[in-house]
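Those protein sequence lines, which keep their order, are chains Y and R. With my numbering, letter number 252 in the first sequence gets 252, and the count goes up by one each step, no holes. With my numbering, letter number 182 in the second sequence gets 1182, and the count goes up by one each step, no holes.
In case anyone wonders, no lab produced these hints; they're calculated from the structure. It is possible that part of the hints are untrue.
Covered stretches of chain Y (in silico footprint by chain R; criterion: 3 or more residues with CB under 8 Å from a CB of chain R, positions within the stretch not fixed) [stated by the list, open to error]: (1) 98-104; (2) 252-259.
Dumping the calculated EDC-like pairs for lysine to aspartate or glutamate here, alpha-carbon to alpha-carbon at most 20 Å [unchecked claim]: (3) Y:LYS61 - R:ASP1198; (4) Y:LYS254 - Y:ASP227; (5) Y:LYS254 - Y:ASP242; (6) Y:LYS90 - R:ASP1198.
Just some of the chain Y residues that point at chain R, by a computed CB distance under 10 Å [to be verified]: (7) GLY58; (8) MET66; (9) ASP83; (10) ILE87; (11) ALA94; (12) ARG95; (13) GLN116; (14) HIS117; (15) MET119; (16) LEU120; (17) TYR137; (18) ALA140; (19) GLU141; (20) CYS183.
Everything numeric in this text was worked out from a predicted model, so none of it was measured. Every residue, glycine too, gets a C-beta built ideally from N, C-alpha and C.
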Amino acid sequence: MSARGADTPVLQVEHLTMRFGGLVAVDDVSFEARRSEITALIGPNGAGKTTVFNCITGFYKPTEGMITLTQVSGQRYLLERMDDHVINAKAGVARTFQNIRLFPGMTVLENLMVAQHQMLTKGPARALGSLIGLAAYRQAEAEALSFAIHWLERVGLTARADQAAGDLPYGDQRRLEIARAMCTRPELLCLDEPAAGLNARESEELNGLLRSICAEGNTAILLIEHDMSVVMRISDHVIVLDHGSVIADGPPSKVQNDEHVIAAYLGVPDEEVANVEKEVGA
Amino acid sequence: MEYFLQQLINGIALGSIYGLIAIGYTMVYGIIGMINFAHGDVFMVGAFIALISFLGLMAVGVTFVPLALILVLVVAMLLTSAWGWTIERVAYRPLRSSFRLAPLITAIGMSIALQNFMQVAQGARVKPLQPVITGRFEMFAGDNFAVTLSNIQILIVVTTIVLMAVFWLIIDRTSLGRSLRACEQDRMMAALCGVNVDRTISLTFVMGAALAAVAGLLYLLYYGVIDFFIGFIVGIKAFTAAVLGGIGSLPGAMLGGLIIGLIETFWSAYFTIEYKDVAAFSMLALVLIFFPSGLLGRPEVEKV
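Isolated chain Y (complex conformation) (with noise of 0.2 Å):
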């Protein structure tokens, strides 16, 4: 592990700016996430931050901004020029929705094999190889199920290995879909409202889960949550946008406290609203 890599920060958004035709969904958006931290991404409905999220991954092309990653290695990918499975595939960056997007038709197992697909393939050779089955290829065959069958442990599902992934519970589903993110052994796990629907006992798991990924020290994680009760507790840094811009920045206990942070979350005071009404006569 070279200390270049593992020094700087795993992701760095700089300038980032997504237009719509007129609308501005995210204006000049700048932060970074570290490795071994878990960033979180908060603001009301509409501020962006599935648009963030959408950037970094692949699903669309900034209007302007540069989006770096870089790995432990000390590799740097710039992400906004790169295609969307190579960002996996390449970069390491893995997601999860905010709507769970399994392969519902594929056993829970298969779920995790597929997101390995590219290490099994590598090349022409053992894409080749797959097919006739040659002894390279059944060897990392077999790595590639052994370690879907260690996430399958860690998430609690090694029962449920065989069944369809659309017929599990919402609970399982969530949790299938971070060990499958973590399959592809990604430098950088984005993770899309990953509380959303879960009671408090499941919700609670979750942020154990969370918590061990991240004390690996490989991986650092990126979160949006609405849940603040999650985000207090489990983010080491967090960044809040409002209106597409980044209104706050810094660890939960000082965000928490900051006034434009409240005024975003529950509205302005009542006696600036008197104010402005004054002023235009109302």
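Since the structure of chain Y is already known, use the hints to place chain R on it.
Structure of chain R alone, referenced to chain Y:
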């Protein structure tokens, strides 16, 4: 009874050929949701490549039939796959993010282009091939009718079974097959899992074309004549088979192929041969009334 058995054998042989082609339709539909109307013509191209390479081998003195057949099979599969790959690359990929009808229109255009190309390149007349695989054996003789099973029919059915088994293994057991199924269910998510979606779609076309080439070779050996137009009617039948079995379902395509082959054969045998196509297509209409998503198809679930 003997007559019935004989028709059953004929129907299964014909249905196997339809099934092999139907797989190509159903796979492409499964992965990108378009009907590749040029697939029937890919089958026709496969038959021509088989014929040309067969005659070529004969000319250079490869007269040992099994060896020649294996060589022809390999050559036809490789070259037809290249055609399939090229068609996808040239005609479909640039239009993939276009409006829904665009790929359908290019597919029809591609079908006409392939037919006309073959008509110009090889002439419009039917191309005969002298019977290569002769020989048959009598299973049992009735009062005035003997049930026979010809070697070519055995070859067709055995080849189809072997190919289906290999194909099923690829889809079900290998990493390539898994990524193919993942792309079928959620292309965007597959890309985010590191699967190269473009390459997977190309692979689908290549596999479909390879199976169509085998069907082309078997058709050539079975009927002994081909022309530039065979892709149209056989293609439509195979497409019907795919829809009948439930488009998007691989076992469905094979089952649909067998059913269409059997209906056609039995109708010709017991009723009028002129209306055999009407019978096959009427069956499709009937099945779709009672099973709107085909016999083995999954009902379409609206994604939220």
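Hint check results:
Under the rule that three or more residues need a Cβ within less than 8 Å of chain R, the assignment of the region 98-104 of chain Y holds, with 5 such residues. With a cut-off of 8 Å between beta carbons, the region 252-259 of chain Y has 0 residues touching chain R; three or more are needed, and the interface restraint is violated. For the suggested pair LYS61 of chain Y and ASP1198 of chain R, the alpha carbons sit about 19 Å apart, so the restraint of at most 20 Å is met. Between LYS254 of chain Y and ASP227 of chain Y the CA atoms are separated by roughly 17 Å; this keeps the pair inside 20 Å, and the hint holds.
For the given pair, LYS254 of chain Y sits about 17 Å from ASP242 of chain Y by alpha-carbon distance, which is consistent with the 20 Å threshold. Using a Cα cut-off of 20 Å, the hinted pair LYS90 of chain Y and ASP1198 of chain R holds, with the two alpha carbons roughly 16 Å apart. For GLY58 of chain Y, the suggested interface contact is upheld, since its CB lies about 8 Å from the closest CB of chain R, less than 10 Å. Annotation: MET66 of chain Y was flagged as interfacial toward chain R, and the flag is violated, the nearest CB pair being 21 Å apart, outside 10 Å.
Taking 10 Å as the C-beta contact cut-off toward chain R, the hint placing ASP83 of chain Y at the interface holds, the least distance being around 8 Å. Annotation: ILE87 of chain Y was flagged as interfacial toward chain R, and the flag holds, the nearest CB pair being 8 Å apart, inside 10 Å. Below 10 Å, beta-carbon pairs count as interface contacts, and ALA94 of chain Y has one with chain R at about 7 Å; its hint therefore holds. A hinted interface residue such as ARG95 of chain Y counts as satisfied when its beta carbon comes closer than 10 Å to some beta carbon of chain R; here the least separation is about 6 Å, so the hint holds.
For GLN116 of chain Y, the interface hint holds, since its Cβ comes within 10 Å of a Cβ in chain R; the closest pair sits about 8 Å apart. Among the interface hints, the one on HIS117 of chain Y holds; its C-beta lies about 5 Å from the nearest C-beta in chain R, closer than the 10 Å criterion. For MET119 of chain Y, the shortest C-beta to C-beta distance to chain R is roughly 8 Å, which falls under 10 Å, so the interface hint holds. The restraint placing LEU120 of chain Y at the interface with chain R holds, with a minimum CB-CB distance near 4 Å, inside the 10 Å limit.
Using the Cβ-Cβ criterion of 10 Å, the hint placing TYR137 of chain Y at the interface with chain R is satisfied: the shortest such distance is roughly 8 Å. Proximity of ALA140 of chain Y to chain R holds as hinted, the smallest CB-CB distance being about 9 Å (cut-off 10 Å). This hint holds: GLU141 of chain Y has a C-beta 7 Å from the nearest C-beta of chain R, less than the 10 Å allowed. Taking 10 Å as the C-beta contact cut-off toward chain R, the hint placing CYS183 of chain Y at the interface holds, the least distance being around 8 Å.
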